[in-house]
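Chemist: Going down the list, the sequences are from chains G and U. Everything in the first sequence is counted per my numbering, starting at 1 for the first residue and increasing by one. Everything in the second sequence is counted per my numbering, starting at 245 for the first residue and increasing by one.
Among the hints, erroneous ones may be present.
[What the hints assert, rightly or not] In silico DMTMM-like links for lysine to aspartate or glutamate, alpha-carbon gap of 25 Å or less:
| id | chain 1 | residue 1 | chain 2 | residue 2 |
| --- | --- | --- | --- | --- |
| 1 | U | Lys712 | G | Glu74 |
| 2 | U | Lys600 | U | Glu532 |
| 3 | U | Lys664 | G | Glu164 |
| 4 | U | Lys624 | G | Asp172 |
| 5 | U | Lys652 | U | Glu594 |
| 6 | U | Lys664 | G | Glu103 |
| 7 | U | Lys277 | G | Glu105 |
| 8 | U | Lys277 | U | Glu392 |
| 9 | G | Lys158 | G | Glu201 |
| 10 | U | Lys652 | G | Asp172 |
| 11 | U | Lys624 | G | Glu105 |
| 12 | U | Lys712 | G | Asp72 |
| 13 | U | Lys265 | G | Glu103 |
| 14 | U | Lys664 | G | Glu74 |
| 15 | U | Lys600 | G | Glu105 |
| 16 | U | Lys712 | G | Asp194 |
| 17 | U | Lys624 | G | Glu187 |
| 18 | U | Lys624 | G | Glu103 |
| 19 | U | Lys265 | U | Glu363 |
| 20 | G | Lys195 | U | Asp284 |
| 21 | U | Lys652 | G | Glu74 |
| 22 | G | Lys195 | G | Glu161 |
| 23 | G | Lys195 | U | Asp264 |
[What the hints assert, rightly or not] Far from chain U, by Cβ distances over 10 Å, these chain G residues were calculated:
| id | residue |
| --- | --- |
| 24 | Arg6 |
| 25 | Gly42 |
| 26 | Arg154 |
| 27 | Ser182 |
Since the hints were made in silico from the structure, they are not lab data. From the three backbone atoms N, C-alpha and C, an ideal C-beta is built for every residue, glycine too.
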Amino acid sequence: MNAPVRAALMVTCLGDMFFPEVGVSVTRLLRRLGVTVDFPQGQTCCGQPLFNSGYHAGATRVAARTVEVFRDAEHVVVPSGSCAYMVRHEYPALLRDTPARAEAERLAGRTYELSQFLVRVLGKTRFKASVSGRVTYHDSCHLLRGLHESEAPRILLKNLEGAELVELPGGDECCGFGGSFSVRLPEVSSQILDKKIRNIEATGAACVVACDSGCLMQMGGGLGRRRSKVRPLHLAELLAGDER
Amino acid sequence: MSETDLSVPFRRRAGSALGDKHLQEALTIATTKFIGLRRDAFDEFPEGERLRDLAREIKEATLQHLHRYVEQLIDSVERLGGHVHYATTPEEARRVVLDIAARTGARMAVKSKSMASEEIHLNEALEAAGVIPIETDLGEYIIQLAHERPSHIIAPAIHKTKGQVADLFAKELKRQVAADPEELTRIARVELRQKFLEADLGITGANFAVADTGTVVLVTNEGNGRMVTSLPRVHVAVMGVEKVVPSMTDLMVFLQILAKSATGQKLSVYTTLVRGPRRPGELEGPDEFHLVLLDNGRIRQIAGPLREALYCLRCGACLNVCPVYRQIGGHAYGYTYPGPIGILLTAMLEGPGSVKDLAHASSLCGACADACPVRIDIPKMLVELRREIHEARIAPWTERLAYGLMEKVLASPSLYRWSKPLARLLQRPFARDGRIRSVPLAFTEWTRTRDLPALAPQTFHEQWPTLK
């Protein structure tokens, strides 16, 4: 790598509070690839929980703050498809009639979900797996249908040394999380999850990989309750072995 | 007719559906089949994506000048000797049909499948006026026998297993039959044949109406649409006013994607084009033809936030792929139109207050927008409805308080920082080995079936300094 790349980590609220190991893995992974990683201290959450529930004034305030916090970042890397989608697609619309509009559009253009950053910006596709054996992959809805990205994670997973990717039947179907949806309609959410877990277990994989902490919270919560042997794993954790 | 009881909260209606074994079996089989058939149909049709874009553009352009196309349609139909009625409300639409029935002395009406007629509750009105309505689409026939409402836009009896249909036929038609779809269809066909010949009135919906030719288009699979439009003396088509398309060329675009989206067929078995009443020298067709154009809140939405929902072709693809619909089926939604598009249409027809719970019956997974032949951005409008509902302050105060608090915390890095030690303190009685298996308040139900992760001993913010 010639000119050193600089990237700011948007760790996300779930990543910060519940899955800090994901942020640690991203930091290690990027540093190993020669990227200078910044962590802007003022960050909290992208505001998606407010936005999705219709609390748009609040979401706009949070979005304007986030835009300000990441103003100086060269690239912004987000280990979550839905938060990356929020910044890339909803921020410019939310802040359209505010002074932060131009800055929001600039941020949207520099923000990448992790797998996209690795493959499409850095051009890095070959990693060593931190676990061995079969892994399966759940397409997070916002990464797949929001950012239209199904390739980048698969390129990384197929090239993994030490792990074998088996496709998940119905892998493109929602896990039933949906943020507040899982709280408002817990029974429906749980039944959607049941089906997802049956599919995961049928693959015989040792872990289910995803690029979104929300899905991992839902699938991990269900797997944990069932005392399943299948481990939920964020892509970053799987890749944090050595680069080949 | 059994209606979904709207006094039961949506969450409980959904809960009953989740526990209904027959419903679960029927839904899984049918939606899985539909999804596969649709995928295969578009995989084999490389120009499909371009046609979807084109179809969307046609819908958009038509709505821009809807009044002009509606006037053109009215002229065209009248030139063919037909009559056009414009109904602003369901009451007006019912009145138009009942007046036609009374004037022509109709005693029995055969119907081909029509969601617009469901929307205006036409069958009950006909019965009350002494006109016997007979549904002739097999699915509609089944649910009419069962005194139910359609639970899917194109597959009204999708919630029933073949075993249940056999039991229903045994009870209502007084005959023992095997749970064999072919045998069941044969019985229904025999029952219906006589009705086609007896009926005075044929009532249909319309998938499209072509403005410059006055052609009303019916897309069916059973041929009943043809019988309904050609055998009775009078044909009445009831159609949402937004379904007008400018020309036959435009129609061809929609016909190429409609059946593929709905059932995975290249084309449906019958595409019936009706132009006015029978003309001198023609062998079949009705003496009278009426087209009822139904507004019912649609026109207002041309300039409203739900405008895109007016593009809908009623193919049902968004229902089949929706993880919520696939678990709870159509009746739990409680209104004429179920599923993701149904929530938008319900808000359009009944006002946003009617969907204060339904607007949240989506994980916003986007599968609906992906499957929609005209790419209606359903999740975006659901979020928009949620915004309206929030701003109308009809959400419970506890919810508004919680979100207000959330906003305060997320908008302030220092509050955000200090909320964490507080949360750690609060979770102490519930967390074990990094997991919470049971917790009070809003997350009680969450933890009934799933573990919640506990707040990490050290958040990423707290770990960052050591990572340097």
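Chemist: Work down the list of hints and note, for each, if the structure agrees.
Modeler: How the hints compare with the structure:
{"no.": "1", "hint": "U:Lys712 with G:Glu74", "result": "holds (19 Å)"}
{"no.": "2", "hint": "U:Lys600 with U:Glu532", "result": "violated (43 Å)"}
{"no.": "3", "hint": "U:Lys664 with G:Glu164", "result": "violated (38 Å)"}
{"no.": "4", "hint": "U:Lys624 with G:Asp172", "result": "holds (20 Å)"}
{"no.": "5", "hint": "U:Lys652 with U:Glu594", "result": "violated (34 Å)"}
{"no.": "6", "hint": "U:Lys664 with G:Glu103", "result": "violated (30 Å)"}
{"no.": "7", "hint": "U:Lys277 with G:Glu105", "result": "violated (42 Å)"}
{"no.": "8", "hint": "U:Lys277 with U:Glu392", "result": "holds (24 Å)"}
{"no.": "9", "hint": "G:Lys158 with G:Glu201", "result": "holds (20 Å)"}
{"no.": "10", "hint": "U:Lys652 with G:Asp172", "result": "violated (35 Å)"}
{"no.": "11", "hint": "U:Lys624 with G:Glu105", "result": "holds (19 Å)"}
{"no.": "12", "hint": "U:Lys712 with G:Asp72", "result": "holds (19 Å)"}
{"no.": "13", "hint": "U:Lys265 with G:Glu103", "result": "violated (53 Å)"}
{"no.": "14", "hint": "U:Lys664 with G:Glu74", "result": "violated (29 Å)"}
{"no.": "15", "hint": "U:Lys600 with G:Glu105", "result": "violated (32 Å)"}
{"no.": "16", "hint": "U:Lys712 with G:Asp194", "result": "violated (41 Å)"}
{"no.": "17", "hint": "U:Lys624 with G:Glu187", "result": "holds (24 Å)"}
{"no.": "18", "hint": "U:Lys624 with G:Glu103", "result": "holds (23 Å)"}
{"no.": "19", "hint": "U:Lys265 with U:Glu363", "result": "violated (28 Å)"}
{"no.": "20", "hint": "G:Lys195 with U:Asp284", "result": "holds (23 Å)"}
{"no.": "21", "hint": "U:Lys652 with G:Glu74", "result": "violated (28 Å)"}
{"no.": "22", "hint": "G:Lys195 with G:Glu161", "result": "violated (30 Å)"}
{"no.": "23", "hint": "G:Lys195 with U:Asp264", "result": "holds (16 Å)"}
{"no.": "24", "hint": "Arg6", "result": "holds (15 Å)"}
{"no.": "25", "hint": "Gly42", "result": "violated (5 Å)"}
{"no.": "26", "hint": "Arg154", "result": "holds (18 Å)"}
{"no.": "27", "hint": "Ser182", "result": "violated (6 Å)"}
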